[in-house]
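Here the protein sequences line up with chains A and B, keeping their order.
Its first residue numbered 1, the first sequence is counted upward by one per residue in the working numbering.
Its first residue numbered 1001, the second sequence is counted upward by one per residue in the working numbering.
These are computed hints drawn from the structure, not numbers from a lab.
Think of the CB as a built atom: it goes at the ideal place given N, C-alpha and C, for glycine as much as any other residue.
It cannot be assumed that every hint is accurate.
[Unchecked claim] Partial list, computed: chain B residues near chain A (C-beta under 7 Å):
| id | residue |
| --- | --- |
| 1 | 1306 |
| 2 | 1308 |
| 3 | 1354 |
| 4 | 1356 |
| 5 | 1373 |
| 6 | 1379 |
[Claimed, not checked] In silico negatives: residues of chain A with every beta carbon more than 12 Å from chain B:
| id | residue |
| --- | --- |
| 7 | 57 |
| 8 | 278 |
| 9 | 280 |
[Stated by the list, open to error] DSSO-like mimics (lysine-lysine), calculated; alpha carbons at most 27 Å apart, straight line:
| id | chain 1 | residue 1 | chain 2 | residue 2 |
| --- | --- | --- | --- | --- |
| 10 | A | 347 | B | 1050 |
| 11 | B | 1333 | B | 1137 |
| 12 | B | 1235 | A | 381 |
| 13 | A | 471 | A | 455 |
| 14 | A | 64 | A | 142 |
| 15 | B | 1137 | A | 381 |
| 16 | A | 455 | B | 1369 |
| 17 | B | 1235 | A | 64 |
| 18 | B | 1328 | B | 1050 |
| 19 | A | 64 | A | 144 |
| 20 | B | 1235 | A | 347 |
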Amino acid sequence: MSQPNREIEQLVQREYEHGFVTDIESDTVPPGLNEDTIRFISAKKAEPDWLLAWRLEAFRTWQKMRAPNWAHVHHHPIDYQDISYYSAPRSPKDGPQSLEEVDPKLLETYAKLGIPLHEQKLLAGVAVDAVFDSVSVATTFKGKLAEAGVIFCSFSEAVQNHPELVRQYLGSVVPMGDNFYAALNSAVFTDGSFCYIPKHTRCPMELSTYFRINAAKTGQFERTLIVAEEGSHVSYLEGCTAPMRDENQLHAAVVELVALDNATIKYSTVQNWYPGDENGVGGIYNFVTKRGDCRGANSRISWTQVETGSAITWKYPSCILRGENSVGEFYSVAVANNYQQADTGTKMIHIGRNTRSTIVSKGISAGHGQNAYRGLVRIAKSAANARNHTQCDSLLLGDRCGAHTFPYMETKNSSAIVEHEATTSRIGDDQLFYCRQRGIAAEDAVNMIVNGFCKEVFRELPMEFAVEAQKLLGVTLEGAVG
Amino acid sequence: MSDPAVHEFLESWRGVTPVPGAPWFAPQRAAARQAFQARGFPTLHDEDWKYTDVRPIASRRFGSGTETGVDAGLTAAASFSAAGAHELLFLNGQFATAADPAPALPAGVIVMPMSRADARQNESLAAHLGRYADINKHGFLALNTALAGDGALIFIPDNVEVTIPVSLLFASAAGPQPTGTCPRNLIILGRNAAATVIECYTGTDDGEYLTNAVTEVRLGAGARLEHYRLQQEGKRAYHLGNLSVQQDQDSRLVSHAFALGGALARNEIDVRLAARGAQAVLNGLYVAGERQHLDNHTRIDHEQPHTTSAEHYRGVLTGRARAVFNGKVVVHKDAQKSDARQVNANLLLSDDAEVDTKPELEIYADDVKCSHGATIGRLDDNMLFYLRTRAIPAAVARSLLIYAFAEEVIQPIGFAPIRARLEQRVLGRLPDAEVIREFVQ
């Protein structure tokens, strides 16, 4: 072998050694993103080789991509080399030791939302005793789920215990190179949830209940995969009404749903990440790719979202209606207050015959908030008798905010019927006057009217969350009017 | 950075006499040329051109077509001079004197080809030309300014109402090689002036040619303009038409845009409601068949309070046609009490046809009334059934319903000869046209 060749060989090997062998003992990687970072994450999680290869391919795809700029949001460019892509969950000892140490503002909000004391502790990250009530509750739930055959665990556990399922479905709905943020997530995702509902099974509980108690720090690059087998049914709630403080600024999650024949998936989200302060300083960038695939005939996927947090929200929960007679639904309430920016909506891709979709989007803008609905309805040539109805309403509170609508409708089949309606309004002085006249305080009156505006969407939420979501809206819009 | 293909495209545009030739326009022309060279042609990656691929235009080289004569029959069929309009005729981009004298217009009114403008008229041209159409919007607007040929200069002084419609007829004859023209018109209405202007674009079916037209309009306070745009280009034609309007206080624009011809055609309307009380009404109809691609892009800017806009566009698609509608309404900060309504309805009559519609709202003020609606569908089965129960044959019933669908935007036309022509064009395409005529008359 010639001299230069050997040198190159050595160089390659040295970098490789450096990459993960030496760092594997540490819990945090320094900021920066390269193939070694990904190898480190994968090794840390003891992942099989195929998953590492998949991550690396995603990373290489991502390197060739550029951040999208079409959304109606403005932010400084993100330095992807300035982010630490792995850090082990913090030990409970590092957190506040009791509620007295927690920011009183946060506690005030918890109280307004009516969150029980022990949950408050959990949410604020207070170290809790190991024999705490909820652990036993969680165990009971776990038993019930196992009895039904439902697999519900963290993504890392699923990779270890059900690699065949993960391998079959991972990236089958959101391909690794789907978009800039999805590719980034595919390369560096750290954890998330995995859910598998076997054939002809109705999940015995709202997975939300379980999730809320066990909410673990899943990091900023979450990955969720839900597979509903033939004839199964599941309702899943993600997120929390309580405000979450987080030091990570960029959140790029991916959610994939697969519904086979006659299966139903109901996915509800309440998002209330830190939106930044009144002057628009700080806050989370929430760039999420969510997509459901109605793969089987008569399948149904329903997205419900209440988006009140984050400085910038960029998400379009979508449905690919592949199966005959499949149904896609999207119900959304998005709030942008202070300097928040939201560009959110959905995509309904009709491919199968007799597919139907419904879109109800309610946008509320206040302060200097900018709220955009962006939705695509595409009827493929094969989608005979497809049907879509879109209703898109905006409510403006204050004269410095903005409400925008960007619907895209593409139809290639003459038997399809596609309808879109949009309105923009504000809370009328006459409405307020009417309420005030009956002794209702201005703030309560605004809450009432806003809740009425959002009713169509709240109706779709699991009951206990609908109540909390209403209160949450009130808290978010505090001070927006009057 | 200039793309060699863009450079070559510009170079091939030989033998065109720039109008206006006056030296004051040279800097604008040079700037536009630079803008075009820098930007090139829009691509599918440009959000505004997502559904319209202009590569067929970019890949062709268009020379000037002055050598080919235009058939008198073609212009006669498109002319409105017999209907009493004051008409200016442009053949392959060059002004042609009409055989019959045009009806006289009130004193002070200027209706003339830009190429004949004298020093005094050049002054008002200099004050307005290039002020309303933004060359930075996209390559074709820059291209028009860089290569602008002849077009009409219409100037209506304060408080003058012109009752005689002014018709601008642009006819193109395709030669053996693709030819191209860049007509440029300027319409200025003074305070409380009123006019009706018809722009009609037509051409032969036997060859390829490009029309890249821009019309700039300024409406003074209280002025009223009824503007018609009839795009009846030849079957193999490429057409790009832009209408850029700026409106002063309490002025009113009524625009009717009809897209019927061309292989690939785009109609753009940009309206700035720049002062209180300004009003714009935009009507449109596009009827596409075979492999036609018809694109309609409108943008209305409510810049000031108490401005009103109403937009209604309808499309009928058959064959393998594709239609695009993009209607954008922007309500600026502090433009309170703005009222904007928009409706787009599409009738899809073939499984090989495609409609892409995008009604957009951007709102930065809270005390506004804004709504838009869009529908895509086929003929209503219930309506068809109703007509069948009345012993009307299926084919006739279909034609009748298609006609009724289009009639919604034909009916508001104020100038009867245009209405008659459109009714004929829409009806003529349908089977059993004669039977329908009996029904609707």
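Here is how each hint holds up against the structure:
no. : hint               : result
1   : 1306               : violated, 15 Å
2   : 1308               : violated, 15 Å
3   : 1354               : holds, 5 Å
4   : 1356               : holds, 5 Å
5   : 1373               : holds, 5 Å
6   : 1379               : violated, 9 Å
7   : 57                 : holds, 25 Å
8   : 278                : holds, 19 Å
9   : 280                : holds, 16 Å
10  : A:347 with B:1050  : holds, 17 Å
11  : B:1333 with B:1137 : holds, 22 Å
12  : B:1235 with A:381  : holds, 26 Å
13  : A:471 with A:455   : holds, 13 Å
14  : A:64 with A:142    : violated, 43 Å
15  : B:1137 with A:381  : violated, 33 Å
16  : A:455 with B:1369  : holds, 22 Å
17  : B:1235 with A:64   : violated, 42 Å
18  : B:1328 with B:1050 : holds, 15 Å
19  : A:64 with A:144    : violated, 46 Å
20  : B:1235 with A:347  : violated, 36 Å
Consistency with the previously given hints fails for numbers 1, 2, 6, 14, 15, 17, 19 and 20, ordered from lowest to highest.
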